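Got chain P sorted already, so can you dock chain W onto it with the hints?
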Amino acid sequence: MDGDLGRLIEEKEKKIRDRIDDYRDTVFAILGFCSLWSFDPATQSTRPEVRTFQGRRLTQTISGSADEVTPDLGITIGNRAGIIGEVKKNFPKEANPKRKADIFKQLKAYDQELIGWPTGDEKIPNHDIALLVHQTTSMSACDYYDSIKDNEDSTFIRNFGIIQFNRADQRAQYFFFQSCSGVILETLGNVDLHNGVPVPMTAMLSMFSRSQLYDADPPAPYLANLIWGNVITQLAAEDERYPRLRRNQKIELNISIAEIVDKLSEGFSFAHWHTGYPNRQPKIPRIEWVKKACQLMIDGKEASWNVQDTELIVNYHKMDDPLEYFIHLCAEMEAKQTLQPDMFLDHP
Amino acid sequence: MNQMDFQSLFYKQVEAKHDLLKELEALLGTGLHTVTVVPYGSDYSPIECFKSSGVNRTVIQIWANDVAELYKLTFSPIRGSRKAHRVDGLFFVYTHPDLPKVFMIITIEPFDFVRKALLPLLEQNRTHIYFTFVRHKDLRNLLQNFRDKCRYSDLRVVRTSSATRFDIEKRELMISSVNWPRLGLEGAFAYAEEQNSWFRSLTFESLRESRVIAETTVNRNGVIKTDGDFSGICEYLVSPICQQISENLKLFEKRGRRDVPSLGVRPLSIEFPKEQFENVEENAKFIGAIRKLENASVSVLHGNPYIALSVIDNVDGSTFDLWVLNSRELVIVPQMKSSVPGIKRLISGVFDNYAEGTIREFTTGVFN
Numbered sequence: 000m001d002g003d004l005g006r007l008i009e010e011k012e013k014k015i016r017d018r019i020d021d022y023r024d025t026v027f028a029i030l031g032f033c034s035l036w037s038f039d040p041a042t043q044s045t046r047p048e049v050r051t052f053q054g055r056r057l058t059q060t061i062s063g064s065a066d067e068v069t070p071d072l073g074i075t076i077g078n079r080a081g082i083i084g085e086v087k088k089n090f091p092k093e094a095n096p097k098r099k100a101d102i103f104k105q106l107k108a109y110d111q112e113l114i115g116w117p118t119g120d121e122k123i124p125n126h127d128i129a130l131l132v133h134q135t136t137s138m139s140a141c142d143y144y145d146s147i148k149d150n151e152d153s154t155f156i157r158n159f160g161i162i163q164f165n166r167a168d169q170r171a172q173y174f175f176f177q178s179c180s181g182v183i184l185e186t187l188g189n190v191d192l193h194n195g196v197p198v199p200m201t202a203m204l205s206m207f208s209r210s211q212l213y214d215a216d217p218p219a220p221y222l223a224n225l226i227w228g229n230v231i232t233q234l235a236a237e238d239e240r241y242p243r244l245r246r247n248q249k250i251e252l253n254i255s256i257a258e259i260v261d262k263l264s265e266g267f268s269f270a271h272w273h274t275g276y277p278n279r280q281p282k283i284p285r286i287e288w289v290k291k292a293c294q295l296m297i298d299g300k301e302a303s304w305n306v307q308d309t310e311l312i313v314n315y316h317k318m319d320d321p322l323e324y325f326i327h328l329c330a331e332m333e334a335k336q337t338l339q340p341d342m343f344l345d346h347p
Numbered sequence: 000m001n002q003m004d005f006q007s008l009f010y011k012q013v014e015a016k017h018d019l020l021k022e023l024e025a026l027l028g029t030g031l032h033t034v035t036v037v038p039y040g041s042d043y044s045p046i047e048c049f050k051s052s053g054v055n056r057t058v059i060q061i062w063a064n065d066v067a068e069l070y071k072l073t074f075s076p077i078r079g080s081r082k083a084h085r086v087d088g089l090f091f092v093y094t095h096p097d098l099p100k101v102f103m104i105i106t107i108e109p110f111d112f113v114r115k116a117l118l119p120l121l122e123q124n125r126t127h128i129y130f131t132f133v134r135h136k137d138l139r140n141l142l143q144n145f146r147d148k149c150r151y152s153d154l155r156v157v158r159t160s161s162a163t164r165f166d167i168e169k170r171e172l173m174i175s176s177v178n179w180p181r182l183g184l185e186g187a188f189a190y191a192e193e194q195n196s197w198f199r200s201l202t203f204e205s206l207r208e209s210r211v212i213a214e215t216t217v218n219r220n221g222v223i224k225t226d227g228d229f230s231g232i233c234e235y236l237v238s239p240i241c242q243q244i245s246e247n248l249k250l251f252e253k254r255g256r257r258d259v260p261s262l263g264v265r266p267l268s269i270e271f272p273k274e275q276f277e278n279v280e281e282n283a284k285f286i287g288a289i290r291k292l293e294n295a296s297v298s299v300l301h302g303n304p305y306i307a308l309s310v311i312d313n314v315d316g317s318t319f320d321l322w323v324l325n326s327r328e329l330v331i332v333p334q335m336k337s338s339v340p341g342i343k344r345l346i347s348g349v350f351d352n353y354a355e356g357t358i359r360e361f362t363t364g365v366f367n
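Here the protein sequences come in this chain order: P and W.
Quick note on numbering: the first sequence equals residues 0 to 347 in numbering that gives the first Met the number 0.
Quick note on numbering: the second sequence equals residues 0 to 367 in numbering that gives the first Met the number 0.
Calculated from the structure, these hints are not laboratory results.
One or more hints might be untrue.
Below, computed lysine to aspartate or glutamate pairings styled on DMTMM-like, alpha-carbon distance capped at 25 Å [unchecked claim]:
1) W:253 to P:239
2) W:291 to P:12
3) P:13 to W:281
4) P:13 to W:315
5) W:253 to P:261
6) P:14 to W:280
7) P:14 to P:319
8) P:97 to P:168
9) W:100 to P:239
In this text, all values refer to a predicted model and were calculated from it rather than measured experimentally.
Just chain P, with the same shape it has in the complex (with noise of 0.2 Å):
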């Protein structure tokens, strides 16, 4: 049992990598796109007419349905057009169409006169659609795409890309953007997406250095590691022991569920984007999001509930690697998890 515990939480732990990798490439993608419309090359600065956000909740039109929506990336140039994009790393590969259909149900969604734009009456005259894939699942998206695009409730009546985007390194390390299907018309100066764009990830280090979360849900252990490094150490560095504090000994801090929100809020989200118009942006990361990798600290018993779901005493210690440690908790339990019940079956 131990030798498959032991081998099961490997593969989890690997597993857990993988979603925060996924995660991280998700931002750059964000990132790296919107870069594309608001960074001008040969000025070497930010277009001042262009205006990026994410995670903005917009509002249907249709039907006179209230219903929001809230894609991954969103582009203004001035007032006269703009982009929506979703980021899907992971496009399905294998056959289940649900799941397929489900992504391109978004997208459609956002194929509708939109208000929430961050422009004076919240409204822009026409915008096109993006969907982000990673290279390695383009060619199902694109497949799809051509399966479904000549159903009369499929097809889009703006403007509908697929972009593929890739991370590459030669010499150094870029993202890769180009377009695989459709077409996005709302190019600005350079923007050769049927060639291929690349964008450096060094133009890209100090966006993602302060925008590492954005509106989904970030795999406990990464977001338990922002926590401890960059709020909890913070806190307990105020206190005058910190400095010789040994590996095994403990400082016991109080900080409630709300300050870690606004602490991660203002530091590492998308919220200095969108400081001209805060309104219909919702606060990033969510509680629920905060509370789950809180939890794996108490699971850890690094931390306890001082008022439950509310405020937490954290018994905070010098920690090796903090990720490592929060990766391993994350595996430790999904894996007793996934072979509870062959314990159960082992022990009638």
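Relative to chain P, chain W alone:
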């Protein structure tokens, strides 16, 4: 006049606002003393810096004038400790006249006092105090300049403490050693390069023809000990080190995101002199080297093909993201809190455990 008389006279002269450096030169002329200089940077005044002296050390200010401040430091070993004995001594803190936030601790006490009492006191206050790092290449340039400007025929290297890097079956080992090479300056550095070594400290004799004028030790943190030619040492060794501390301070301060109203980032980069990250094995070596940082937590977010690490400085809670995105550059992104000593500790760790490079403001490069 006995040794104590020279010393008493020296302290009296300095208190009477005589030129400290000239008085030290005169004292060294007696041939009875060595002087140790510890240049450091701090945002705090000396008296604030030494407020926290630890459980077994006491620091008392004897006097202060506009030239210097004199302190008495006493180290009392923990009761029951057989080997350690009580050590006490005096040290000056000299505020650099031209470089803000740069100070020099100067003492004529034996090195036993420096090693057992003074340096641990500075270590105790490492959240307030930072030294510099004299890179191997800079040490060579510094000593060549000192030799030429002071018209010495050569500097004979008599003792070195060095680190040597070995690659054994794709694993990297760092071995420390102490040697007594008795080589000229150029020979000693050529030998170190041949051995893939760099100096942590180096003791040399300043020679005029075959006459030894002084014996001096310089270490990687900029601590200097000498028994002669104090004015030459001051002008061509201490002064450039103080200048470097001042430049580092300007480069490292206000890097934390909380120091900027917009919470924007102000990254630094270390450019290595060669294509350092040409293969993925090098990534593992680099990550291994960073994991060896003293007093730091290191998490690997990505290790191959690019490197992304998050580092917590366990001394003051500074946090950094480290990125390697091309073959010769390490980018350091200070996060919410970043102190000057924290950055210095991180960069010293990179230089000591991995490789030396040039520190500069990070630029994204051309984006097209």
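Verification of the hints:
The hinted pair formed by residue 253 of chain W and residue 239 of chain P meets the criterion: a straight-line CA distance of about 22 Å does not exceed 25 Å. For the hint linking residue 291 of chain W to residue 12 of chain P, the alpha-carbon distance of about 23 Å falls within 25 Å, and the restraint holds. Note on residue 13 of chain P and residue 281 of chain W: the hinted pairing holds, with a Cα-Cα distance of about 22 Å set against a maximum of 25 Å. Proposed proximity of residue 13 of chain P and residue 315 of chain W is contradicted: the alpha carbons are some 32 Å apart, above 25 Å.
Using a Cα cut-off of 25 Å, the hinted pair residue 253 of chain W and residue 261 of chain P holds, with the two alpha carbons roughly 23 Å apart. This hinted pair checks out: residue 14 of chain P and residue 280 of chain W have alpha carbons roughly 23 Å apart, not beyond 25 Å. Taken as a hint, the residue 14 of chain P and residue 319 of chain P pair is honoured in the structure, with Cα atoms around 22 Å apart against an allowance of 25 Å. Straight-line distance between C-alpha atoms of residue 97 of chain P and residue 168 of chain P comes to about 34 Å, which puts the hinted pair past the 25 Å bound.
A threshold of 25 Å between alpha carbons decides the hint, and for residue 100 of chain W with residue 239 of chain P the separation of about 23 Å falls inside it, so the pair holds.
Violated hints for the displayed structure, listed by number in ascending order: 4, 8.
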